[in-house]
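Trainee: Listed here are the chains, written in short residue letters.
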Amino acid sequence: MPQSVNKRDFYRTDISLLEKSIGGGILLILVILGIGLVYKGRSYDATLYTGDPEALESTRVAVEGKAATVRGAGDLRAYEMAGSGQSVTTTTGKELATAVAGLSPLGPTEIYNEATLFEKINGRAPAYFQFNFQELISRSFLVEGTAGDFIDAYLFRMDSPINAFGIFSIERSEAGATLDFIADGYRSGMGYFMRQGTTYVQVITSSSDPAIMTLAESLSKELAASLPENNAGLEGRFLLPAEGQIPGSLTYISEDAYGQSALSGIFEAKYESGGQELTLFGMNAPTAEEASGTWEAVRDFYGKFGSLEEAPAIGDAEVFVAESFGQWNIILTSGQTVAGVVNANDRDLAVNFLQTHFGTAEAESEEEYIF
Amino acid sequence: MPRPPVEPDPKGMNRRQFLRHMALTGTASAGAMAAGFYLWQREHFVPGFQEQSGITLPSFVAEKTASQADLGIAHGSDRFAVTRAAIDALGGIQRFISKGDVVLLKPNVAFDRPPALAATTHPDSLRVIAQLVLEAGAKKIIVADNPINSPAGCFLKSGLQAVAGELDLELMYPEQSAFTNLELEGEILRHWPLFYRPFEKADKVIGIAPCKDHNLCSASMTMKNWYGLLGGRRNQFHQHIHSIISDFALMVKPSLVVLDGMSVLISNGPTGGRLSDVKEMGTVVAGTDMVAVDSYGYTNLLERDIAGLDYLHKAHERGLGNMNWQQTIWKEVRV
Amino acid sequence: MSCGSGNCGCGGKGHQPEQETRPESPVTDYIKSAKNNSRGSVPDPRNAFARAIGWFFSTIMADMRITRVRIISQAFFFILFLFFVVITDLRYLKGYPVSLFLEVDPLVGVATAITTGTVYKALILGLILLIPTLLLGRFFCNWICPYGTLHQLTNFLFGSRDEQQRIESNRFSNLQQLKYVIWLAMIVAALFGSLQIGLLDPICLFHRSMATAILPGINLIFPDTFYVEQYFHVGAWLIGGILLFFVGMNVIIPRFFCRAVCPLGAFLGVLSRFSVIRIERDPNKCIDCDACLKNCQGASDPHTQLRKSECFVCFECIDDCPVDAISFSFMPNKEHEVAGPPLPGRRAALASLLGVAGYAVARASGDSDANFNKKVIRPPGSVAEEGFLERCIKCDQCIRVCPTNVLQPTVMEAGLEGFWTPILNMKVGYCELNCTLCGQVCPTGAIQRISIEEKNGRGQFAEQGPVKIGTAFYDHGRCLPWAMETPCVVCEEVCPTSPKAIYSHEVTIRKRDGGSMTVRRPYVDPSLCIGCGICEHECPVKDHAAIRVTAIGETRSTDRRLLMDGGDPSSLLDLVKKKR
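Chains as they are written, first to last, in this note's numbering: chain A, 228 to 598; chain B, 24 to 358; chain C, 6 to 585.
Pulled out of the complex, with its shape left as it was, chain A reads as follows (with noise of 0.2 Å):
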């Protein structure tokens, strides 16, 4: 190339054949060479760039643990719901919605299991695992004509009526007002709490506007009723009477009430009485048998840790009267019942509330309580 600058010949005239013939050589190495490359250009596997699609097979099962973003309950199908989480007893297919007028549903139904009720509730979730918890379904609610005032539905499930009366309990408020429409429940500045067979519920509403307060008592009422009645092992519960009962006092406590192990699975309530307050508890035993010996060992531990005094007659129950580091124990025992007030300090009122309530043993059946 660069001999032609000058526009002239060369000087050299003369090629010999030795070096037409490398030339030569050199010009068919480079043919060769290019009809190499574009021979190894043209066959290929495809599969390199494309990935085997037989390799795809080993995706063929789904990884447990790690479901797809939990989405509202109508996007959900079975086998996702069951795989977001280890808890064997999941509901699908559950739709919080309500026929309250001035409610509208905010975002979708939610659910949440052992495994994700930290999500919804944070730190207070192992509160709910004491009680055996098994699901939590909840939902927003817009009160409609508000600036963006809602009402929050939570129905926490547990596994029993007595665990969920146990959360219930145990999260109540003291200033609770009690509810005229249900036995376990309460209206608080925050909404209302209720207990209705295995399941407590709450009705947490954003402001306690009287109006939403209202709208929030039509929602209880609707998933009060909606819910269905179970009060298994929660009959001792009934022993309380309701007249006179500090609202928000009645407690279930699982064991070791009062610091005796013979007192399990007890509830307690306070009662009001000459202006003086009155602890009374009350549970039922499996048999009347069982009710006499936990009676007699309630009654052995008081003459251990105090004097044991003349008892009245209550109806026909058996009967005793302790004191105890300046306090009066009554407890009394009737066919499968235990029952008593406890640390009171007046011993004549404490009798009195006694007889008022058990005087006449078992006269006082069930359905005359109001719930």
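Since the hints were derived computationally from the structure, they do not count as laboratory data. What you are looking at is a predicted structure, and each value in this text was computed from that prediction instead of being measured. Ideal Cβ placement from N, Cα and C applies to all residues, glycine included. Honestly, I wouldn't trust all of these hints.
Unchecked claim - In silico DSS-like pairs for lysine-lysine, Cα to Cα no more than 27 Å straight-line: (1) C:Lys547 / C:Lys516; (2) B:Lys87 / B:Lys224; (3) C:Lys516 / A:Lys347; (4) B:Lys354 / B:Lys276; (5) B:Lys87 / B:Lys302; (6) C:Lys126 / A:Lys267; (7) B:Lys337 / C:Lys516; (8) A:Lys267 / C:Lys99; (9) A:Lys448 / A:Lys347; (10) A:Lys247 / C:Lys290.
Unchecked claim - Pairwise CB distance ranges, derived in the manner of DEER restraints: (11) A:Arg351 / B:Ser200: 55 to 63 Å; (12) B:Glu66 / A:Glu346: 14 to 22 Å; (13) A:Ser434 / C:Met489: 23 to 31 Å; (14) B:Asn347 / A:Asp272: 45 to 53 Å.
Got chain A; can you put chains B and C on it based on the hints?
Mentor: Positioned in the frame of chain A, the structure of chains B and C alone reads:
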């Protein structure tokens, strides 16, 4: 030798030079002034707030007689037979395609996935529809999409490039110069870069969409398929995804849409990635009303509650289609 | 070979008279008749082709002097190089060995053999050049090297046309020692495991310039020529500027790069000491006109004692000698040559010191070790960082082939040693799931040639799981659903793994105006995240994404893993196994 007399240098240029020079200077000055005034921008503007203009896509809807079905549903095991049956239920491909038409087929090739993962339009789905269209006498078929992954990889790995090569379809990549500004009176979508080059010559448009789960809008079917016609910063769409998808029904009026529900991506959408995400449903739905087709797909193929799919409600309310597919004229066949 | 003919059109014109005197051949007869037939009518392409062939035979082959063959060879390899550069793209790649020039480059093979103790795959082809160089000298520089051809072409087009000036500019200069200093320093650094030859190796340099600056630049001016979408590369101005500098230098010093800078040339020059055939000047015939210097490419003093280490074996001097005093001869007189490279011992010692010190100060900066940069996200299949620095020749073939433009040459992210090595920049692109092209084209195994199955942990590789290149993290302050009451989760949509590494929870939030709304807030599952970065790339908070990938959690390095179980989804595998 006598010296020739010295002619004194004239003081100035001669007349000819003078005239020529003046003409040149005058022309140059006049030209500069003309150019200056021509380019003079007298008003300022606020950057970013200028008026925009663009093009609106024409309608590609075919004429319809009262008795013809809006929705053709076919069940079976062979994708070729089922797809043909679904289109035949609408009155055959001749209803939509005339001789000599240039037809745009819009598959969903958003990701670089193998066909088995059902994240993209299946190559057989494209093949059978392209064959039908060619049988109806179409002059040319264009296949175009603007994927989310890199275009070359998507077309290659989804197997569509092979089909295009085999049937001599024109594959259009979303090249820079292929976009034009869209103008639409949408709820959210107004001006946006539109992949317009495929439409320049097209007489008919057919959308071929797989039926897929979608993480955000719950389902990607025939309406969501038109997402692949837009360019620009599409990732903003997700802030109003349901409005945007209902706007697609306004943006494109296709001749026909086909929803391929032979294998449905039921979870981990829209990308998929495992065979465990795919479920065989053995159904193909063809229709002229995208909203009806999608509502069928959502309830019967993805098996979900239609109440949860906002974009169908939006499109229905705006009169862009009928969400209650049972109310349209539909025909169900089994092959 | 039509390329060769096109290139030589200019050279051929000067010989028209000579051609007329040649006896007619059947080919030229055919051409003539074809010419007559086509006169006045539309030219038949077949005739044009036949004419081209005829011209080729009548002009080129008839006077097949060795320099002409050389030009054909140079044109062939130059066009082959450009062809490889252009087809390094998934659309055209097929089975072409697009890194062939790098693989036959003996400096690449030898230097990586020094750093790693192995010769990776096709690098063994370097022997194809090594052996002939030992016999013939630096023929590579003027017969094959496309970068050399570029320089020669530039000098031919834009260099001086004044004969005397050219003779002066082609005299040997001490500047030519520089390349031996550069080469030696790089080889010494390689002994310590720092591979720097790629900075100046002509093939690496040319590939890199084409991939990052020239092709994107051409595509900018003529859209849609090479890319579907315009590619951008960090620091392309520097890489392109260096190319333009070396090309431009040809006007001042012909083939400045080849003579004074090229470490490959230096290496071949050292090997040339053993060559048995060389240019030989017959002093009895020589008239000392220095005409042989007029076109001398290597500035190798053909007019006196030939410097073997500098001679490019271009044969121009043979053609230029008016008295036929120069010839190419086998085993000529030893007295007539300077065998070794012009590098005095003390300079060589200095070069070695530079290599040692350069390695020490660069490595001591800690960029590849304790102070590694979160942005150094290496392509999938890359070896651990130390090995990467032993292997990467900065040819940027991976950057050329990357279908998403995510691969970018580093500037200082990976330290001085890692200059121009590839990293992923998720702002520009993302790593495509079913793609291992970068590994397919990597000539040295810095990115191993893994398959798509190995990358994604499918099929028989399901047990080991996918290759991770980093991990994504959320920046809640910038994320629309986390901070700004706006629905989004594009990241979850595009997440390519199954199950998705990005998942979201629907939450009802109280808005600023007191109303409430439901948004989905995204999270990353580090056991599933492979660091592909499509989430970051698609994030609408474009300038500084609300989800960003950093290098932590990469499987290539045991030091930089994130999760106790090795950063691989073995927990996931346990579940799969349990299922079985």
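Trainee: Which numbered hints does this structure break?
Mentor: 5, 12
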